[in-house]
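Asker: Each chain, letter by letter, is given below.
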Amino acid sequence: MRTGSLILALLIPALLVLACSADFESPSLVSDLRILAISTDPPEYVYPTDEKGIPMFEEGGGPPPLPVTTVTLLVANPEGGKFSYTLKACILDSNLACDAEGPSIEIGKGEAEPGELSIPVLLADQSFLQKSAEADMVKGLFGFAVWLAGEVSSGDESVPFVKSFLFSPDYGQPKVPNKNPRITELKKGEKDKEIALSPDDETALAAKRDERIRFLPVIPDEDRETYTVRNHKLQPEEFTEEMTVSFFGTCGTFEAEAKSEVLDVAFETEEDKKDKDLGVEWVAPAEDGPCTLWFVAADGRGGIGWRKLVVIVGP
Amino acid sequence: MRLLLAVALTLGLAIPGVCRAQGDPPAGDEKPAGDGKPAPIVIPPGLKQFVNAEYPAAASKAGIEGSVGLLVVVDETGKVSEVTVQQPAGHGFDEAAVAAVTAFEFEPASMDGQPIPVRIGYTYHFKIEKKEVKKEPGQIVDGTVKEKGVGLPVVGAEVALVEARVRVTTDGKGRFKLRNIEPGTYQVVVSSPEYKPMTAQVVVEKEKDVEVRLLVEPLIENPYETVVTGKKEEAVVTRYVLEQKTLETVPGTFGDPVRVVETLPGVARSPYGVGMLVIRGAMPGDSKVYVEGIDIPLLYHFFGGPSVINPNFIDSIAYYPGNFPSKYGNAIAGIVDVEPKTDRVEAWSGELDVNLINTNGFLEGKIGDRGSFRLGARRSYVDLVLLGAFKAAGEDSTVVAPVFYDFQAQGSYDVTDEDRVGLFYMGSYDSMELVTTDKETQQDIDLSMRTNFHRVIPSWKHVGNKWSSAVRAYYGNDSFRFNTVGLQMDAAIHMVGGRGEVELRPADWFALGAGLAGGAAIGDFTGRVPLPADYYVPGSSVSGVDQLRSETVSELEIHEKYGVVGGYVEPKFMPFDGVTLVPGLHLAWWHHPDLDMYIWDPRLVVRYSPIESLTLKGGVGRYSMPPDPQFTDARYGNPDLDYQWAMHYSAGVEWEFLEGMSVDLLGFYVRRYDLAVPSSDLVVDEEARTVKPLHSESTGWGRSYGMELMVRHNPTKRFYAWLAYTLSRTEVAGFGDIGAFAEPQTDEAGKDQDLLLGPFDQTHILSAVASVILGRGWETGLRIRFVSGNPTDPILGGTYLGDSGGFSPIMGPFRSSRLPYFFQLDLRVEKKWTFDAWILSTYLDIQNATNNANTEFITWDYRFRESWNVPGIPFFPSFGINGRF
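Residue numbers (numbering that gives the first Met the number 0), protein chains in the order written: chain A, 0 to 314; chain B, 0 to 884.
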């Protein structure tokens with residue numbers, strides 16, 4: 000074995016990690032036009048197939064799928080003002096932009112105020128779905144993704160984005176489509192001593208300058224869905240969703256960009272996994288004024304949910 | 000009767016400069032030629048190495064003495080090429096005298112400064128010392144002349160006892176003997192062209208012989224012996240040979256001989272000096288490094304550390320950038336062959352070197368008259384220095400630091416004058432250790448990575464007039480461990496094998512080299528490692544979700560056996576003056592557990608020298624190597640892979656345009672085929688509707704072409720320098736995921752469209768090296784490097800990934816831009832103090848003396864809007880102290 004090559008393959012990323020001490024802005028700080036989250040509701044469409052995953056509608060066994068979903072963008076723009084947007088369903092090129100030579104469906108464009116922008120999506124074009132399946136790496140053998148791509152822009156800033164809408168075969172068994180996770184409440188306080196914030200608190204929580212507050216986003220256990228995938232030999236394997244929460248704010252500092260229930264296989268034991276919590280400490284800024292915080296949950300298979308909190312910093 | 004083993008009397012040969020050929024007028028007495036031109040200045044040969052003749056047993060028993068008159072031809076290298084008996088003495092004296100004189104070594108004669116062959120007369124006397132010889136009046140002054148500091152014998156030095164008006168020349172071991180010296184006080188004067196004149200006093204007492212030891216100081220302090228660099232072997236297109244003096248004093252290499260290779264043509268610069276051997280744009284694993292004919296897994300210690308072999312063990316390093324000889328296989332780019340010292344140790348010597356990074360000790364000595372040994376060890380202490388610094392600062396700090404040590408041992412014994420047996424052992428240990436003063440961190444984080452290897456190589460070498468051979472066996476052990484809390488990997492490989500080579504020279508116009516080699520290895524790989532998921536989630540390669548879950552960590556256990564049997568044959572034809580043709584064939588059978596590969600590589604080298612100072616050369620050849628075993632494993636690789644191979648084409652010229660200065664210009668083209676590349680593709684079984692991961696494919700291919708230029712000033716005692724420049728381009732294709740259903744790009748046109756710059760493509764590589772001994776123990780040197788930046792992929796922005804919340808870079812054309820140019824000036828200055836029995840030196844080796852902020856990588860913020868050029872090594876001085884005896 001060329002251990003030398005393996006060693007270099009391990010060492011050079013380590014070098015990069017050690018070398019990366021540039022003073023980049025934290026992803027948690029929202030200072031300009033940002034997309035903080037995109038959800039599709041539902042995130043997954045299940046279509047009927049036989050036990051081998053061959054779509055029933057191809058065999059004349061039923062109507063072709065008519066998938067409907069709603070795309071919601073969570074957009075922040077601290078500098079104020081509306082933003083413009085475009086949205087298409089398309090086949091992606093290597094740069095994750097709509098392939099100019101591929102099929103696409105215009106879904107929407109316009110202007111909106113920062114916040115949540117919801118756009119309904121109806122994918123009635125069967126040939127487009129067929130081409131999306133063919134663009135999949137294994138030709139839709141295990142399902143395929145339809146890509147929703149677009150851009151938000153304001154002034155000189157623009158942010159292109161992509162989001163998948165997953166089409167999954169049921170393999171002849173009842174299959175519940177994925178749901179977006181919910182952050183049903185926010186708590187604050189020390190670990191294991193957290194108390195829930197009231198709805199009033201979430202719209203105007205008071206905090207002192209430089210105050211340290213620990214927040215705990217709560218995701219109900221029923222949102223950690225158990226689901227089945229088929230392995231390479233078409234045998235079912237069952238997994239349970241593991242949540243990741245990302246943190247954003249227009250001011251203040253979060254101790255971490257995200258917390259996750261997914262085990263860091265390199266550095267964490269099974270014991271660590273049991274202790275995993277999604278709490279995070281936030282330090283209020285030294286200046287008075289409102290800070291908007293967002294907590295975005297992801298279930299690891301395209302499901303997204305979020306919760307917003309406004310903190311009023313005073314003396 | 001007491002037997003004298005040898006008596007040497009010459010007709011004026013003992014003292015250099017005084018010798019004359021028998022029958023020829025004395026030097027300086029030549030009459031001018033009839034055309035009035037001044038006569039050439041002729042300096043006769045000087046005896047350098049005297050050999051005692053064996054006194055014929057029968058003659059000794061019979062008490063017979065004799066003198067043999069000889070006519071001796073000394074060639075331009077100082078060697079005796081012909082001995083003819085002019086006045087025989089019979090009784091076996093003639094044969095004994097011829098045998099002894101044939102082994103003499105001379106400083107060659109010269110005419111107007113150019114070495115010339117000469118024929119001289121020489122009489123060898125055989126005398127038997129009789130017991131009842133009358134005691135000579137006076138005493139004997141017996142002594143040796145040695146070089147101060149290193150203790151090397153000084154051959155051919157003139158020792159004169161002024162008041163006694165006697166003089167003598169030291170023999171091959173620096174010894175001399177002055178007889179019939181009356182008691183008194185005398186001035187001794189020692190003189191030699193390469194040493195400062197030395198004067199001492201000796202007191203001779205009545206009836207008491209005297210033994211003296213005289214130490215002379217060289218005009219230039221140089222503990223090393225012959226200094227040659229860049230000598231080309233006549234049977235290859237290009238081979239650069241670096242020998243010891245050059246190996247340890249090139250600035251910026253911290254005294255590491257192997258790093259000097261990186262300043263030669265064809266070798267790309269590696270980031271942070273980590274020491275990847277990238278030759279003509281190929282991947283590091285495509286070139287091989289050999290020590291004592293056996294390949295080793297690691298060339299350098301971690302994180303740009305020194306090479307794994309102690310410099311004191313290295314006799315020479317041969318570097319082949321391409322078109323290497325048929326005896327080498329398992330490589331498709333270049334070869335670095337490190338030849339350890341195996342010569343007999345003449346005197347005990349040792350060295351201790353202490354610098355900021357490591358301490359290095361070395362000792363060599365004699366075992367009887369025919370044996371030698373060498374021992375070396377080195378240990379780094381960056382971890383200890385950092386820990387001490389943290390504690391001194393009183394801060395809690397954590398860093399991962401490299402630790403390394405290596406050790407070598409070598410022994411040899413001359414069974415006969417032509418046969419030497421030897422044993423060479425080398426071991427190397429590298430680890431990355433967590434250095435922390437924070438107890439919590441120490442408890443929380445378990446991180447270690449280490450690798451080590453050992454080689455034991457017994458050998459037998461025969462060097463004769465008509466044939467030479469080398470037979471080596473080896474046992475090796477490589478191990479690697481990576482361990483954190485959640486991940487672990489252990490690998491251990493045991494290997495045995497051997498190789499035998501023979502070189503024959505049955506005629507002046509023909510030589511033949513051939514060899515056989517074989518080896519077997521057993522590898523054990525175990526661990527807990529993240530393996531690719533055995534299920535597929537549509538879109539996950541784009542969205543980045545579901546890529547690494549807790550459940551994808553798997554227990555790994557592989558136990559495999561590998562083997563190889565190979566051989567080569569390489570005849571060399573010299574049909575006409577100046578023409579050399581070397582066809583060759585390398586064959587091998589490689590056995591992997593699920594794959595057998597049969598390799599046959601024909602090669603050809605042609606050299607033509609129309610005049611002595613000019614050589615035209617060219618070569619073509621095929622070079623093959625199997626993929627690494629992990630690529631062909633049935634479970635984690637692809638057993639259907641092909642072996643990788645390349646065609647090398649090169650042509651060039653070598654020209655010695657001035658005495659001691661030469662240029663070597665070479666054009667090359669390398670085409671690589673069937674390179675093993677990792678693949679995330681899935682192969683679909685449409686009927687069963689299952690997929691199987693491909694893991695790896697033989698779809699990679701590439702080409703490199705360009706020009707290599709080497710201009711050098713041959714090393715002298717004071718100075719060496721060279722300039723190496725490479726202009727080249729490397730392109731690759733077939734390395735991306737082309738998808739399970741994509742058509743393979745088999746036609747040339749289709750392939751050309753996929754061409755990208757290779758990851759190590761560096762258009763311009765310029766290195767200039769110079770070192771000069773200033774005198775009074777001072778030596779200084781510099782190295783300048785100017786290199787094109789490596790290709791990079793321009794990033795035009797970032798796309799927000801709604802599934803994961805991260806960003807994906809929007810790429811410009813792949814590898815269409817470059818990092819900034821690299822420029823670095825390295826300096827070295829050394830001061831030596833020479834004492835009677837040892838030499839002390841201190842040195843300062845500065846990398847990046849101008850603190851140029853060279854960019855090694857570019858990193859980006861989370862959304863690919865801001866970038867930061869990660870700088871390379873800043874101004875970095877290393878101070879060291881060296882003691883050598």
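Hints may contain errors.
Simulated DEER-style distance windows between Cβ atoms [to be verified]:
hint : chain 1 : residue 1 : chain 2 : residue 2 : range
1    : B       : E686      : A       : P198      : 31 to 41 Å
2    : A       : I104      : B       : E686      : 25 to 35 Å
3    : B       : G387      : A       : P235      : 52 to 62 Å
Simulated from the structure, these hints should not be mistaken for laboratory data.
Note that the structure is predicted; figures quoted are calculated from it, not measured.
By construction, the Cβ of each residue, glycine as well, lies at the ideal position given by its N, Cα and C atoms.
Asker: If any of the earlier hints don't hold here, list their numbers in rising order.
Answerer: 1
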